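*Asks:* Below are the chains, spelled out letter by letter.
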Amino acid sequence: EAQVTQNPRYLITVTGKKLTVTCSQNMNHEYMSWYRQDPGLGLRQIYYSMNVEVTDKGDVPEGYKVSRKEKRNFPLILESPSPNQTSLYFCASSLTGQKLAKNIQYFGAGTRLSVL
Amino acid sequence: GENVEQHPSTLSVQEGDSAVIKCTYSDSASNYFPWYKQELGKRPQLIIDIRSNVGEKKDQRIAVTLNKTAKHFSLHITETQPEDSAVYFCAASIQRRNTGFQKLVFGTGTRLLVSP
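The listed protein sequences correspond, in order, to chains A and B.
Everything in the first sequence is counted per this note's numbering, starting at 1 for the first residue and increasing by one.
Everything in the second sequence is counted per this note's numbering, starting at 1 for the first residue and increasing by one.
Please keep in mind that the hints were generated in silico from the structure rather than gathered at the bench.
Treat the hints with care, since some could be wrong.
With a straight-line cut-off of 27 Å between C-alpha atoms, the simulated BS3-like cross-links for lysine-lysine are [said to hold, decoys possible]:
1. B:71 <-> B:22
2. B:58 <-> B:22
3. A:57 <-> B:58
4. A:18 <-> A:57
5. A:57 <-> B:57
6. B:37 <-> B:58
7. B:57 <-> B:68
8. A:18 <-> A:65
9. B:71 <-> B:37
10. A:71 <-> B:42
11. B:22 <-> B:57
12. B:42 <-> A:65
Note that the coordinates shown come from a computational prediction; the quantities given were computed from them, not determined experimentally.
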């Protein structure tokens, strides 16, 4: 079954404690992306990756890091989480980022993060 | 800048009525406009999309219209049912000038409530 898998689904942590949210897709997609969803703000892109070892900032990258060492995995790293990073996070992937009109974007189930 | 405005933020209708959600975009080069439905606690899922070479697309009770000149696109749901209750997001593709890759910019969402 084609899917985008995120872990964990729920996470409560404290300020400053490094954490990683994993994302994996089994569709051999080149393009992967991280979004955060906040009430009244919709989905905002944090980072994206066009392919292995190719990543770039989205609209709200501050406080986040990513890596793309393998095609299927795109972890999101919070080196020193702060309360303003409390949010619902979605990973997404599509075959390529070159022609979105021909490549549907699939979303993971989401990770709800609370930073105390 | 790149943004997508979505209205209304909430919409309440009676079962059987029609619902219309409107979005405007700023980048005249946008050529792909998907709509996502997000049920409570679930991931966003693509329900319909339209490409810039088409003015209207219909799929059973849902339709999307696009006015490229005015940079408007709308989602129309006819004969609404309680199971249509969800948050709906519009999005527009934006071409990244430095890489040529595309990204999706999302609207802020519309919470649709269909009352029996």
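*Asks:* Going back to the hint list, which numbers does this structure go against?
*Replies:* The structure breaks hints 3 and 5; every other hint is satisfied.
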